[in-house]
Every structure is written in C-alpha cells, then in structure tokens.
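The primary structure of each chain is shown beneath.
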Amino acid sequence: MAVLRDLALKDRLYMEAYRHARFAPGQVPCTPLRRAVAGARIAVVTTAGLRLPDQPPFDLTDRMGDPSFRMIPAEVDLAGLVVDHRSGAWDRSGVLADPDLALPLTRLRELGAAGEVGPVASHHLSFMGSIVGPRRLIDETAPAAARCLAEAGAEIALLTPV
Amino acid sequence: MCVQTVGLLAHALERNGIATVVVSLVASITRVIRPPRALEVPFPFGHPLGRPGDAAGQRAVLRQALGLLPRTDVPVTATLVMGAAWPPPAGRSGC
Chain C
1 MAVLRDLALK DRLYMEAYRH ARFAPGQVPC TPLRRAVAGA RIAVVTTAGL RLPDQPPFDL
61 TDRMGDPSFR MIPAEVDLAG LVVDHRSGAW DRSGVLADPD LALPLTRLRE LGAAGEVGPV
121 ASHHLSFMGS IVGPRRLIDE TAPAAARCLA EAGAEIALLT PV
Chain X
163 MCVQTVGLLA HALERNGIAT VVVSLVASIT RVIRPPRALE VPFPFGHPLG RPGDAAGQRA
223 VLRQALGLLP RTDVPVTATL VMGAAWPPPA GRSGC
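So the protein sequences, as listed, match chains C and X. With the working numbering as the guide, the letters of the first sequence map in order to residues 1 to 162. With the working numbering as the guide, the letters of the second sequence map in order to residues 163 to 257.
Next comes chain C alone, as it looks inside the complex:
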C-alpha cells in the first residue's frame, strides 16, 4: 500500500492538510449486477492522463485540476498512448513500460477468453488525476462520463488511480 509519507515533503504536507471529507458523498450508491461478471461488458476508467496522440492534451495549468476526460477506443494501440499528468510526483516508468498497469485491456481480454469476465466495452475513459478542486468533476464531467460509458455498452467498470 502506498502511504503519504512516500511523497515528497511539499506533496505530503499538502495531502495531509487536504480535507477529502468535504467531497465525500453522503450516501453510497449501489448498482447490483444485471448478470454475472463472466458475461458483463466491462469498461476501464483510469486517472493516468492517457490520451491518443491526436486528442487534445489535458490542461496542465488548471489550478483546480483539469476534470475533462478522453475516450479511448477499445482497439487502441496501448503502446501509442501519450501520458499527460500535471503531478510530477508519481512514477510514470511503470505505465510507460506497460500501459496495461493503468488501462488493462490486454489483461481483461485474457480473462474474457478464459470466461472470467465479459467483453470489453467499445470505449474506455481517461482522466488526469490531481483534481484538487473536484466540483466540476462531480457536477459535470463525472455524470457525462457515466453517460458515455453507458452508451459504450458498459455494465461494469474498473477504476484505476495512479
């Protein structure tokens, strides 16, 4: 488990003072499975700041954190993805060497071939983390992301932070 003391001093002090509880939803929603995981279409949502080379870059200058997302088609060449991220504090070497660490489409297809999960959705989503002011995320882009995934046929989703 990563811990905040792994961070550089400036980042650690910021995170220790940050009040995550301000944004904690009051109730925990729950969507029961409509069918077994073995047959359910799955999407991945990552905050690794991945994007296609021809998609607009994430805004690294937004002080609250860019809450937009990029749609990644299932047939993407994972090795061709670009990593944008305004945080200089996480180790990109793993994701750069093996994008499946954040967007595990290869791994999910392997599990799908073994009958352990359904097919991957037609599209997946990438956000850039470091959204320190998540109000636009909560009110606008997260609901929009959910609608996009529903249109992509997703019934279940795996979310991967970095």
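Since the hints were derived computationally from the structure, they do not count as laboratory data. Take these hints with a grain of salt, some might be off.
[Said to hold, decoys possible] Label pairs and their calculated CB-CB ranges: (1) X:Ala217 to C:Asp139: 34 to 42 Å; (2) X:Thr234 to C:Glu116: 17 to 25 Å; (3) X:Ala218 to C:Arg35: 21 to 29 Å; (4) X:Ala218 to C:Glu140: 16 to 24 Å; (5) X:Pro232 to C:Glu151: 37 to 45 Å; (6) X:Val243 to C:Ala36: 16 to 24 Å; (7) X:Val243 to C:Ala150: 27 to 35 Å; (8) C:Leu60 to X:Asp235: 34 to 42 Å; (9) X:Thr234 to C:Pro57: 19 to 27 Å; (10) C:Gly133 to X:Gly229: 33 to 41 Å; (11) C:Arg147 to X:Pro232: 37 to 45 Å; (12) C:Arg63 to X:Ala217: 22 to 30 Å; (13) C:Ala113 to X:Gly229: 13 to 21 Å.
Bear in mind that the values here come from a model prediction, so they are computed numbers and not experimental data. C-beta atoms are modelled at their ideal positions from N, C-alpha and C, and glycine is treated no differently.
Mind docking chain X on chain C? Use the hints.
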C-alpha cells in the same frame, strides 16, 4: 489525489447504473470517499496493478477486484491477497 478522483467517479457511475470496483492505493482516502467497492493493493503510486510486465500478477489483481462486483453490502473494501512481496520502490512517488 487520483484515489479521491476514482472514488468520486465510482459514485457517479453507480448512480447511472454501472456497477464499479476501484483499485485503491491509499486506504485512508478510500475510506473517507467510500466508493461502493474497493480493492486495496500494496503497490506504490503509479502501479495500481502491480509490476510492469507481470501479466499473471496483474490478472490476479483483476480477478480479486472483479470478485467484489457481486457485493451489494456497500461500501465494501478488501485487501489484495498476493503471493509475492513488492520490491521496495526506487524513488519517491505519488499522484
């Protein structure tokens, strides 16, 4: 901050009919944001599924995450059960 973001996204997806499971790199944040289902993993920032190139290990993480999806006693958290220890991180890290 990525751990907070995926938790908030999980809430939005669930409210729109998509069942979710998040990978958590920081338990203390996940337990405040309370996504419906979370698998806590013992990996450094930047490595939510473990080691790069370790397909078998990554599949093991995914299996345990997917195994939480039938749960409706939310919020539920589980800790990854893994066979091998993660080597010490080479440098500082964190989103």
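Status of the hints after comparison with the structure:
no. : hint                             : verdict
1   : X:Ala217 to C:Asp139: 34 to 42 Å : holds (39 Å)
2   : X:Thr234 to C:Glu116: 17 to 25 Å : holds (20 Å)
3   : X:Ala218 to C:Arg35: 21 to 29 Å  : holds (27 Å)
4   : X:Ala218 to C:Glu140: 16 to 24 Å : violated (39 Å)
5   : X:Pro232 to C:Glu151: 37 to 45 Å : violated (25 Å)
6   : X:Val243 to C:Ala36: 16 to 24 Å  : holds (22 Å)
7   : X:Val243 to C:Ala150: 27 to 35 Å : holds (32 Å)
8   : C:Leu60 to X:Asp235: 34 to 42 Å  : holds (40 Å)
9   : X:Thr234 to C:Pro57: 19 to 27 Å  : violated (39 Å)
10  : C:Gly133 to X:Gly229: 33 to 41 Å : holds (34 Å)
11  : C:Arg147 to X:Pro232: 37 to 45 Å : violated (25 Å)
12  : C:Arg63 to X:Ala217: 22 to 30 Å  : violated (39 Å)
13  : C:Ala113 to X:Gly229: 13 to 21 Å : holds (18 Å)
The structure does not agree with the numbered hints 4, 5, 9, 11 and 12 stated previously, though it agrees with the rest.
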